[in-house]
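Following the hints, position chain G against chain D.
Read top to bottom, the protein sequences are chains D and G.
So for the first sequence, this note's numbering puts the first residue at 1; every next one is plus one.
So for the second sequence, this note's numbering puts the first residue at 1001; every next one is plus one.
Keep in mind that the hints were calculated from the coordinates and are not lab data.
The structure presented is a predicted model; accordingly, all values stated were derived computationally and were not measured.
Check the hints yourself; a few may be wrong.
[Stated by the list, open to error] Simulated restraints on C-beta separations: (1) Trp1113/G / Thr90/D: 52 to 62 Å; (2) Ile87/D / Thr1199/G: 14 to 24 Å; (3) Ala76/D / Arg1187/G: 16 to 26 Å; (4) Ile177/D / Trp1113/G: 32 to 42 Å; (5) Ala52/D / Asn1062/G: 36 to 46 Å; (6) Tyr1133/G / Thr143/D: 46 to 56 Å; (7) Lys1040/G / Val171/D: 31 to 41 Å; (8) Thr98/D / Arg1187/G: 15 to 25 Å; (9) Ala1032/G / Ala130/D: 41 to 51 Å.
[As the list claims (entries may be wrong)] Far from chain G, some chain D residues (derived; all Cβ distances over 10 Å): (10) Gly34; (11) Gly81; (12) Thr175; (13) Ile177.
Quick reminder that beta carbons are idealized off the backbone N, C-alpha and C, glycines included.
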Amino acid sequence: MSKRWMMVGALALLCAAPTAALAGAESRVTLRLGSESPTGPFREVASSGAMAGLSAGFRAIPWLESGVDLGYFNSASVRNGETYGIIEPTTGNPVSVTLTEHWTITQFGLYSRAFIFERGRLGPFLRAGAATYTVRISQDVQTSSATTTVGGNEQVSKFGLSGGVGVRYVVAGGTSIGVEAVYHHIFARDTDVSFTAIGATLGFGSISK
Amino acid sequence: MNGYRVLCAAALTAAALACAAIVPARAADSAADPWAGVMKRGSQWISTRAGYAKVSGDIVPNGRMGIGFGYRRFVLDKWSVGGFAHYELLGRFADAADIEVPLTFEVVRHSRWGSSVFPYVGLGGGVYYRKYYRTGADLSAFSPGRYLTFGALTPIHRRGMLGLDIRMATVDKPDWNPAFDGPPDQRPKLDDLLIALKTRAGQESTFMFNNDVSKSQTHWSVKLDYTVTY
Chain D
1 MSKRWMMVGA LALLCAAPTA ALAGAESRVT LRLGSESPTG PFREVASSGA
51 MAGLSAGFRA IPWLESGVDL GYFNSASVRN GETYGIIEPT TGNPVSVTLT
101 EHWTITQFGL YSRAFIFERG RLGPFLRAGA ATYTVRISQD VQTSSATTTV
151 GGNEQVSKFG LSGGVGVRYV VAGGTSIGVE AVYHHIFARD TDVSFTAIGA
201 TLGFGSISK
Chain G
1001 MNGYRVLCAA ALTAAALACA AIVPARAADS AADPWAGVMK RGSQWISTRA
1051 GYAKVSGDIV PNGRMGIGFG YRRFVLDKWS VGGFAHYELL GRFADAADIE
1101 VPLTFEVVRH SRWGSSVFPY VGLGGGVYYR KYYRTGADLS AFSPGRYLTF
1151 GALTPIHRRG MLGLDIRMAT VDKPDWNPAF DGPPDQRPKL DDLLIALKTR
1201 AGQESTFMFN NDVSKSQTHW SVKLDYTVTY
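Bound conformation, chain D alone (with noise of 0.2 Å):
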């Protein structure tokens, strides 16, 4: 527990007395592809799958990027492609249906990025965010025995928070290139949703001095 801590310090102090020659006011927009990784509770009723982003920041101090984040997640449920025998509300007649099911979260909030030890070209950095994110469950019919009223969508908007760490390189002028490791936890009613998401990244910049 002790070691936690001291990375904890440590990693603080970092933020805390970054390097100072950087340049200001530079304003970037970053595209974001990779994977998300459930985690916890969510991992149980959800399995891995996709993400895209975009963001929009600038460096008004130098150090320091904050903005605008938009993300989307996709992610099959664990029912997706299983067989399940229901009976028909409609109807009352049993019914052999197999499910098209899927999870998608969207994303909208505010994030900051605290460059660490950005030497040239390279840059890492901490990451933290805050959002409103709609958590949402879509389920259709792949294939069913007989006539069925399965379906529908069910979603609820919830606050949430991010932290992560990545590290990008500059390839030429504003242009960037860099992977980032986001987790992410949404405060639900009854079980917090939460996931990992990994990708490349790819930005574009200006600097105005």
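Frame of chain D; chain G shown alone:
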């Protein structure tokens, strides 16, 4: 046409005439444009708003009115961040009222067309307090919401601007209520599904049937906006 609509039409007409009667701000002098620095980093705007607010949908009451207050600060040239609080009466069926209080944060890109039009567009989000009042089954709840905002302002006096703000927000739709329509209350909700699908028994017994009703709704507001810059 009922008396309320006549009253609204008269009020809007009076407001439009008042706007038209206001002497336009003096055309910007190229040598000393008093509005040149209004979108510079560090500028601050305080806004008050009043106007129309409505919920979109098939079975919803007619829109009513809303007021708002907010603060913006330019963190970069032409880019502002701000916070707004609104109070909106989204509609009424007889005595039943649908009330909303959005407490939001937004990021906005501003620009300038010619000498006297300051359009803007931005994104925002925050907490939406929703209240059904005098319905027989009243509701009050907080939920997150997101919105797109756009509008334009024009100078009307030194440091003062008048314009129109339009906001389109997406918010979760409350369940069915004796006064207001919504998805049926007796259905497996997402929080229930998160629990049920963890077990094999839950997976085999929890299904959605014809559950295609939208679970979110769009809220519109169109408001006159008076902004003081400094």
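Evaluation of the provided hints:
{"no.": "1", "hint": "Trp1113/G / Thr90/D: 52 to 62 Å", "verdict": "holds, 57 Å"}
{"no.": "2", "hint": "Ile87/D / Thr1199/G: 14 to 24 Å", "verdict": "holds, 19 Å"}
{"no.": "3", "hint": "Ala76/D / Arg1187/G: 16 to 26 Å", "verdict": "holds, 22 Å"}
{"no.": "4", "hint": "Ile177/D / Trp1113/G: 32 to 42 Å", "verdict": "holds, 37 Å"}
{"no.": "5", "hint": "Ala52/D / Asn1062/G: 36 to 46 Å", "verdict": "holds, 39 Å"}
{"no.": "6", "hint": "Tyr1133/G / Thr143/D: 46 to 56 Å", "verdict": "holds, 48 Å"}
{"no.": "7", "hint": "Lys1040/G / Val171/D: 31 to 41 Å", "verdict": "holds, 32 Å"}
{"no.": "8", "hint": "Thr98/D / Arg1187/G: 15 to 25 Å", "verdict": "holds, 22 Å"}
{"no.": "9", "hint": "Ala1032/G / Ala130/D: 41 to 51 Å", "verdict": "holds, 43 Å"}
{"no.": "10", "hint": "Gly34", "verdict": "holds, 23 Å"}
{"no.": "11", "hint": "Gly81", "verdict": "holds, 12 Å"}
{"no.": "12", "hint": "Thr175", "verdict": "holds, 21 Å"}
{"no.": "13", "hint": "Ile177", "verdict": "holds, 25 Å"}
In terms of the numbered hints stated before, the structure departs from none.
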